[in-house]
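Engineer: Okay, here's what each chain looks like letter by letter:
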Amino acid sequence: MMHQDSKTLLAVRGLRATVNGIEILKGIDLTVKTGEVHAIMGPNGSGKSTFAKTLAGHPAYEVTGGEVMFEGKNLFELAPEARARAGVFLGFQYPVEIPGVANSQFLRLAYNTVQAQRGKEELDPLEFDDFVREKMKLLEMNPDFLDRSVNEGFSGGEKKRNEILQMALLEPRLAILDETDSGLDIDALRVVAGGVNQLITRDNAIVLVTHYQRLLNYIVPDYVHVMDGGRIVKTGGKELAVELETRGYDWVSVEHKSAARATTA
Amino acid sequence: MSTALQHLVNQPYKHGFVTDIESDVAPKGLNEDTIRLISAKKNEPEWLLEFRLKAYRQWLKMAEPKWPNVKYPKIDFQAISYYSAPKPKKKLASMDEVDPELLRTFEKLGVPMNERAALAGVAVDVIFDSVSVATTYKQKLAEVGIIFCSISEAVHEHAEFVKQYLGTVVPVGDNYYAALNSAVFTDGSFCFIPKGVKCPMDLSTYFRINTEASGQFERTLIVAEEGSSVSYLEGCTAPKFDTNQLHAAVVELIALDNADIKYSTVQNWYAGDENGVGGIYNFVTKRGLCKGVNSRISWTQVETGSAITWKYPSCILRGDNSVGEFYSVALTNNYQQADTGTKMVHLGKNTRSTIVSKGISAGHSNNSYRGLVRIAPTAEGARNYSQCDSMLIGDQCGANTFPYIRVNNHSAKVEHEASTSKIGEDQLFYFAQRGIGAEEAVSMIINGFCKDVFQQLPMEFAVEATKLLGLKLEGSVG
Numbered sequence: 000m001m002h003q004d005s006k007t008l009l010a011v012r013g014l015r016a017t018v019n020g021i022e023i024l025k026g027i028d029l030t031v032k033t034g035e036v037h038a039i040m041g042p043n044g045s046g047k048s049t050f051a052k053t054l055a056g057h058p059a060y061e062v063t064g065g066e067v068m069f070e071g072k073n074l075f076e077l078a079p080e081a082r083a084r085a086g087v088f089l090g091f092q093y094p095v096e097i098p099g100v101a102n103s104q105f106l107r108l109a110y111n112t113v114q115a116q117r118g119k120e121e122l123d124p125l126e127f128d129d130f131v132r133e134k135m136k137l138l139e140m141n142p143d144f145l146d147r148s149v150n151e152g153f154s155g156g157e158k159k160r161n162e163i164l165q166m167a168l169l170e171p172r173l174a175i176l177d178e179t180d181s182g183l184d185i186d187a188l189r190v191v192a193g194g195v196n197q198l199i200t201r202d203n204a205i206v207l208v209t210h211y212q213r214l215l216n217y218i219v220p221d222y223v224h225v226m227d228g229g230r231i232v233k234t235g236g237k238e239l240a241v242e243l244e245t246r247g248y249d250w251v252s253v254e255h256k257s258a259a260r261a262t263t264a
Numbered sequence: 000m001s002t003a004l005q006h007l008v009n010q011p012y013k014h015g016f017v018t019d020i021e022s023d024v025a026p027k028g029l030n031e032d033t034i035r036l037i038s039a040k041k042n043e044p045e046w047l048l049e050f051r052l053k054a055y056r057q058w059l060k061m062a063e064p065k066w067p068n069v070k071y072p073k074i075d076f077q078a079i080s081y082y083s084a085p086k087p088k089k090k091l092a093s094m095d096e097v098d099p100e101l102l103r104t105f106e107k108l109g110v111p112m113n114e115r116a117a118l119a120g121v122a123v124d125v126i127f128d129s130v131s132v133a134t135t136y137k138q139k140l141a142e143v144g145i146i147f148c149s150i151s152e153a154v155h156e157h158a159e160f161v162k163q164y165l166g167t168v169v170p171v172g173d174n175y176y177a178a179l180n181s182a183v184f185t186d187g188s189f190c191f192i193p194k195g196v197k198c199p200m201d202l203s204t205y206f207r208i209n210t211e212a213s214g215q216f217e218r219t220l221i222v223a224e225e226g227s228s229v230s231y232l233e234g235c236t237a238p239k240f241d242t243n244q245l246h247a248a249v250v251e252l253i254a255l256d257n258a259d260i261k262y263s264t265v266q267n268w269y270a271g272d273e274n275g276v277g278g279i280y281n282f283v284t285k286r287g288l289c290k291g292v293n294s295r296i297s298w299t300q301v302e303t304g305s306a307i308t309w310k311y312p313s314c315i316l317r318g319d320n321s322v323g324e325f326y327s328v329a330l331t332n333n334y335q336q337a338d339t340g341t342k343m344v345h346l347g348k349n350t351r352s353t354i355v356s357k358g359i360s361a362g363h364s365n366n367s368y369r370g371l372v373r374i375a376p377t378a379e380g381a382r383n384y385s386q387c388d389s390m391l392i393g394d395q396c397g398a399n400t401f402p403y404i405r406v407n408n409h410s411a412k413v414e415h416e417a418s419t420s421k422i423g424e425d426q427l428f429y430f431a432q433r434g435i436g437a438e439e440a441v442s443m444i445i446n447g448f449c450k451d452v453f454q455q456l457p458m459e460f461a462v463e464a465t466k467l468l469g470l471k472l473e474g475s476v477g
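Residue numbers (numbering that gives the first Met the number 0), protein chains in the order written: chain A, 0 to 264; chain B, 0 to 477.
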């Protein structure tokens, strides 16, 4: 997937962030280039989801240090909606329910907003209906999703499909998928992962945040990063995920701590 | 998040101007002489003066209701002027004769008059400080036998109807504010739809309070004879004053056999400033009587203004198979308080009622739904469905639901559903992450929330209502 003319999409340098005054991210460095798939793994509470939401601009997370450049621009100068329009997509771990708002209406507004930003054609309700139904086939979704309220009463799997449907519609440059595999049975996982795979191009990149290796059987990463205590403590290839699956996370942090002691000594 | 939301729900009040028109104002205070003065000014017949005095004497024996979930300092009824009329007061045959200053006021208010009225197909009866200054479309309506005029005029020209129906749905001693209104009402609208006539256009009244420290006590009476139907729209605004103004209206609707009355209100009285200073006290009694079989009365209200709203548009379902409906959106912000809902009283057989109430609270406001569903022993096979939803914006506001259900007939079926939701940071972030800004997000959420009620409004009103909530309608048709 990596190719010669790939460009740096995302450059994270020394990123620190707090939530409710408690520091969760303690200096993260990460570079993501076009055409790459990165997996960020790590134990619960290591800061994976915080990292994802901080990049997207969730108001509960305060950036206290470091910088993030997205396509050469300072990401933190953009409001959350501007980041989305610029092509940063977050697939939510727990998508919220929005009662009373039809999914079709919501999807079309999101689509047209991003299209307008790109100077591309917006679609009226009828055109959009045809367009979105095509995209839904990719995820084997029932068309009655369109008439239901956004995520309301959706099963865990339906919510995740709806997230990937939005990714398919918005065609982001950088898609950060936060625990997209959680709550999915094996068939749903296959469908969702299949959908994601079809969306990978030479011009975009994907960051998968996941606790388990099983998603990576379907979406094969170029890099695997392990987070622990608010930092990326180890980076490897796809074989690292397999090793983590058999050995757990403990050895990584032990190894990291002794390495850290060695440098300070 | 709250900054974006605050901004949205804190749109400046656009109708807060005072029109500089000389008014004929009665001295402050209330006693039998005041009532005689009002009656004399209006050249009323003796029976109406008696009606007023009877109401006043009952009012003296009554106490202000304490049960609503609202707080306000005691009202000094002697500090209010009970009559205010624009000068000079003469009969107006066409719009050209109306004071241009007044017309500019209506223009600022966006009242659809003149050509706009024609295009919109709306006949407007304008109430300005309780005196009706112009009624458009009277002639056109007269051709099909519809009477649409100010109630003062009706007292003179159509006395038999007024005498027959006034006070039959809301008796003079019904409640404290209804009694006060019956004693001192200065004007209002009268509408009579004769047998078998479908009113060819929506009828509309715009109310506006202009004079400081004046009360507005309008009285509306709508009678729909057998097999007739009418849709009536009421819009309300008031200028900004630091003092509170009292608005105590009474609306009576009467539907005979197979008649249909639809009454829609968009209420945007001045709500006071962001610290809760000033604003209208809106204490209103609205009640419809489904007198005949198969009759239907439908109330739709969008309540966005007033410092305090105390209002329960109700239906007495006396005729067999009659239908009562109540669709309501009540939005409160800052320090506004609303205690609003409905009463559905089922007397006839197979009577049906529907209640859909949507309360939206923001700022430090308090929003209560209060509703009564009563099924009398005679109401064989009666049915009611109630749905009361509350939405909270921010964490300083309150929402309450007080449903009262009294069923005295075993064959009745009564359903009640209620929910409370909140526009949260996470919802707004979800929209933002899809490129949608807070303003559009809130608009979409609120419109979704109010959809069931807005669908009941006539087209133009639905548009006004959405705008009033500080929102934009997403997309066009479809």
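In case anyone wonders, no lab produced these hints; they're calculated from the structure. For glycine and all other residues, C-beta sits at the position ideal for the given N, C-alpha and C. Each hint should be verified, as a subset may be incorrect.
Claimed, not checked - With a straight-line Cα cutoff of 30 Å, these simulated DSS-like cross-link-like pairs (lysine-lysine) come out:
(1) A:Lys158 x B:Lys450
(2) B:Lys70 x B:Lys27
(3) B:Lys65 x B:Lys342
(4) A:Lys134 x B:Lys73
(5) B:Lys450 x B:Lys421
(6) A:Lys136 x A:Lys72
(7) B:Lys27 x A:Lys158
(8) B:Lys73 x B:Lys60
(9) A:Lys119 x A:Lys32
What the hints assert, rightly or not - Residues of chain A placed beyond 10 Å of chain B at every Cβ, according to the derived structure:
(10) Glu22
(11) Glu66
(12) Ala101
(13) Ile185
(14) Asp202
(15) Ser257
Engineer: Is the nearest CB of chain B more than 10 Å from the CB of Ser257 (chain A)?
Structural biologist: holds, 39 Å
Engineer: Could you grab the alpha-carbon distance between Lys70 (chain B) and Lys27 (chain B) and see if it respects the 30 Å cut-off?
Structural biologist: Measuring from Cα to Cα gives roughly 24 Å; hence the hint holds.
Engineer: For Ala101 (chain A), which was marked as not at the interface, is the minimum beta-carbon distance to chain B over 10 Å?
Structural biologist: Given that some Cβ of chain B is not farther than 10 Å from that of Ala101 (chain A), nearest at about 8 Å, it is violated.
Engineer: Would you check whether the claim that Glu22 (chain A) is not at the interface survives, using Cβ distances to chain B and the 10 Å cut-off?
Structural biologist: holds, 21 Å
Engineer: Against the 30 Å threshold, does the CA-CA distance of Lys65 (chain B) and Lys342 (chain B) hold or violate the hint?
Structural biologist: Roughly 18 Å separates the two Cα atoms, so the pair holds.
Engineer: Does Ile185 (chain A) sit more than 10 Å from chain B, CB to CB?
Structural biologist: holds, 28 Å
Engineer: Are Lys27 (chain B) and Lys158 (chain A) close enough, with their CA atoms no more than 30 Å apart?
Structural biologist: With Cα atoms ~64 Å apart, Lys27 (chain B) and Lys158 (chain A) exceed 30 Å; violated.
Engineer: Test the statement that Glu66 (chain A) is away from the interface with chain B: the closest C-beta pair must be farther apart than 10 Å.
Structural biologist: holds, 21 Å
Engineer: Holds or violated: Lys136 (chain A) and Lys72 (chain A), Cα atoms, limit 30 Å.
Structural biologist: Roughly 35 Å separates the two Cα atoms, so the pair is violated.
Engineer: Between Lys119 (chain A) and Lys32 (chain A), is the straight-line Cα distance small enough, at 30 Å or below?
Structural biologist: Since the Cα atoms of Lys119 (chain A) and Lys32 (chain A) sit roughly 25 Å apart, the hinted pair holds (cutoff 30 Å).
Engineer: Below or equal to 30 Å on CA atoms is what counts here, so check Lys158 (chain A) against Lys450 (chain B).
Structural biologist: With a Cα-Cα distance of about 24 Å, the restraint between Lys158 (chain A) and Lys450 (chain B) holds, given a limit of 30 Å.
Engineer: Starting from Lys134 (chain A), check that the Cα of Lys73 (chain B) is at most 30 Å away, please.
Structural biologist: violated, 63 Å
Taken one by one, the earlier hints fail for this structure at numbers 4, 6, 7 and 12, listed in ascending order.
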